[in-house]
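J.: We have chain W already, so just place chain S on it with the hints.
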Amino acid sequence: MSRLQESLRCFLAVEGVRTAALIDVATGMIVRSVGKPDPDLPAVATRAADEVRAVRSALGPAGAADGLVEIATTTDSRLHLSKILQCSPSEGLFLFVDLERAKSNLGLATLRVSELAPAVLA
Amino acid sequence: METTGPTDGMLADVLKERAAAKFSGALRVDGQPGGIIYFAAGRISGCETSGAPSLEVILLRSQRVSVSDWEAAFTAAAIGRRQMTVELVQRDLLGAGEAEALLRTALADAMFALVTGRVDGCTEAPAAECLLPLTPAVGSGWLLNEATRRRQVLASFPVPAPQAQDRIAAVPIAARGMAGQGQDEILALVDGRRTPRDLAFALGRGLYETLLQLARMQAANVVLVNSPGQDSGKRAAAVPDSKEEDRTVMGLPRRRKDNPSSPRSGTSGRRNIVASIQMLLPRSDGHRMPDGALRPINPTNSYKVVSTDSGWVPEVGRS
Chain W
1 MSRLQESLRC FLAVEGVRTA ALIDVATGMI VRSVGKPDPD LPAVATRAAD EVRAVRSALG
61 PAGAADGLVE IATTTDSRLH LSKILQCSPS EGLFLFVDLE RAKSNLGLAT LRVSELAPAV
121 LA
Chain S
1 METTGPTDGM LADVLKERAA AKFSGALRVD GQPGGIIYFA AGRISGCETS GAPSLEVILL
61 RSQRVSVSDW EAAFTAAAIG RRQMTVELVQ RDLLGAGEAE ALLRTALADA MFALVTGRVD
121 GCTEAPAAEC LLPLTPAVGS GWLLNEATRR RQVLASFPVP APQAQDRIAA VPIAARGMAG
181 QGQDEILALV DGRRTPRDLA FALGRGLYET LLQLARMQAA NVVLVNSPGQ DSGKRAAAVP
241 DSKEEDRTVM GLPRRRKDNP SSPRSGTSGR RNIVASIQML LPRSDGHRMP DGALRPINPT
301 NSYKVVSTDS GWVPEVGRS
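Protein sequence lines correspond, in order, to chains W and S. Heads up: the first sequence runs through residues 1 to 122, numbered per my numbering. Heads up: the second sequence runs through residues 1 to 319, numbered per my numbering.
In short, the hints are calculated from the structure, not lab data. Be careful, since some hints might not be right.
[To be verified] Here are the simulated distance ranges between beta carbons:
| no. | chain 1 | residue 1 | chain 2 | residue 2 | range |
| --- | --- | --- | --- | --- | --- |
| 1 | S | Ala219 | W | Lys36 | 48 to 54 Å |
| 2 | S | Gln165 | W | Gln86 | 31 to 37 Å |
| 3 | S | Gly177 | W | Asp76 | 35 to 41 Å |
[Stated by the list, open to error] Covered by chain S, per the in silico footprint, the following chain W stretches (three or more residues, Cβ under 8 Å):
| no. | stretch |
| --- | --- |
| 4 | 2-13 |
| 5 | 93-103 |
The model shown is predicted, which means the values in this text are computed figures rather than measured ones. We put the beta carbon where it would ideally sit given N, CA and C, even for glycine.
Pulled out of the complex, with its shape left as it was, chain S reads as follows:
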């Protein structure tokens, strides 16, 4: 994946122009996926695109807010001519800080979908209101830098990371690696036809978050990626797990049970924590000892304390 582009592309130039002109209003971005960007005095307050789930989809799909509560808030906001965000906070459905954090996250994801897609042109759109505007709005520079960071992270995987329009299939169970944290839900929906975008909408997760998980799953040999232009001989099978015993009564892939030889089973939580943290260390300082051992961040005095609801795991990974 190309890691430069968002900051020097056509969209970036248009955003800079609008920021300099202190533009307020809506800008329609034509292309694939395309969308609408909302400005307030040159800063960006919202972005709607079919390429990434909006905060509404994320809140409802994740059941953070129930459909009935959402509809009640929407009706009250429309009648009282209040902002939907304000209504959600006033009804204690979201905290004010949480709403701002989620709006910033959703906005960054929508802008990532726009700048990594195809942009054919930008035109000012008729005055329209954003359903969930971010207040205060953010500068386009921050959003473009974040999009660049995300592309760089995806490009850092040893194999090309999936893109929004790729088809994702599960690796047959006999050859499949172990799904990690938060990956079972994705694996249950992967069927060889759904794209990362489809999965993001179905799960109520951000597009980038879904792409990142799929890139990890691809690296762990859990899923296969089938790009639209890929040779048909190399394409992933639409339904790779044909064995009945590998599927639940709902037709979804059965959850993989722990294998005695897997690192997770038969080991203590503390050993797992040590192993997991050690896996992180070379990325923190970029050094590996000649014998293959991992060197921690600070070899003289570096340790971690992990606390949970029920206790502490002190002095993990001391060297």
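Here chain W stands alone, though its shape is the one from the complex:
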């Protein structure tokens, strides 16, 4: 099995997770994904990558953008976590985790995702 797929599957054990995907910031391409099949995921990934770029741009060029760790978006039914992964050429990669809000807790989900994230690229 793909090493990436194996490490991404660990995120499905976090309560409320529907989908976990590794996305390229520069292109918005889904490198790998696991979870419930979602035909809208490519479009969501493109927008999430745009969002990461926009937040980096807003943080400014003086090093603050490099310190971006994650972006959390909450709606009535969903919780989206975009966790930035470092040490890649170009604009890098990020983890996109889609959770059901009713079944998850923002603080705990953030903690668990942060714990699991380093293993994805290792």
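T.: Just chain S now, kept in the frame of chain W:
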């Protein structure tokens, strides 16, 4: 730019045939830029083309891996008859997951360059080994769908996006818009002669990534695109910024300083974040209010938390 094609072109048919036949080996694609596709049991494990930088170019140009480390790994892999990818991982130059991610990204970019170029024909090539094969290999359907998605994104710009063979020039400084995130490096290399392909190789970035940035820069009036068949009267000047004070001692365009009237200077980071995120919202739900205001994804309860190394910016963009 035409947005259909990769999934119903000649190359797509050939890839489907090879997948059905569980073909293993190399397939030479003649055309412009042309290249070689490597198969493993009908799936694609690698693609080499002069139209897009390989992972080797990307790693070395971006200095993710130093030349000396690369050469040492290459020598050891050749002597030990190991795969280069395995050698890079064993030497801790790349993580296993990172190597797979970068190989998939580079492979998708190479296939994008092939399918958006001209394909004259495909022939089986003599047995050859791919330097950096992707394991496990990917299906051709995923690569073709990704190429189609990329063409659709480029086609969504209000003006035609640049193509790999177009010449790119900078807009004269007096009329130039502000370069965005990751665009200064491109702007420094733009000289009216280099093509997006040249820029991608020079910077160690993917071809699609470079085209996408150039399309954004064109939309922001930072660069001009000169297509090969374009009327000479409309062509961009080869060196548009002739003023000496606008250039550094190295002859490169001087970095644009923040203008007091620009949205970036004189505003707080939080306001910038709000503005940037609001810019995204209409693309997320496709709605704009009659008075021109932007409506968020979920008007009743939608907010974002942005965290950085040094702190949190909670509840941004709540409506």
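J.: State for each hint whether it applies.
T.: Hints, one by one, checked against the model:
| no. | hint | in the structure |
| --- | --- | --- |
| 1 | S:Ala219 <-> W:Lys36: 48 to 54 Å | 35 Å, violated |
| 2 | S:Gln165 <-> W:Gln86: 31 to 37 Å | 34 Å, holds |
| 3 | S:Gly177 <-> W:Asp76: 35 to 41 Å | 37 Å, holds |
| 4 | 2-13 | holds (count 4) |
| 5 | 93-103 | violated (count 1) |
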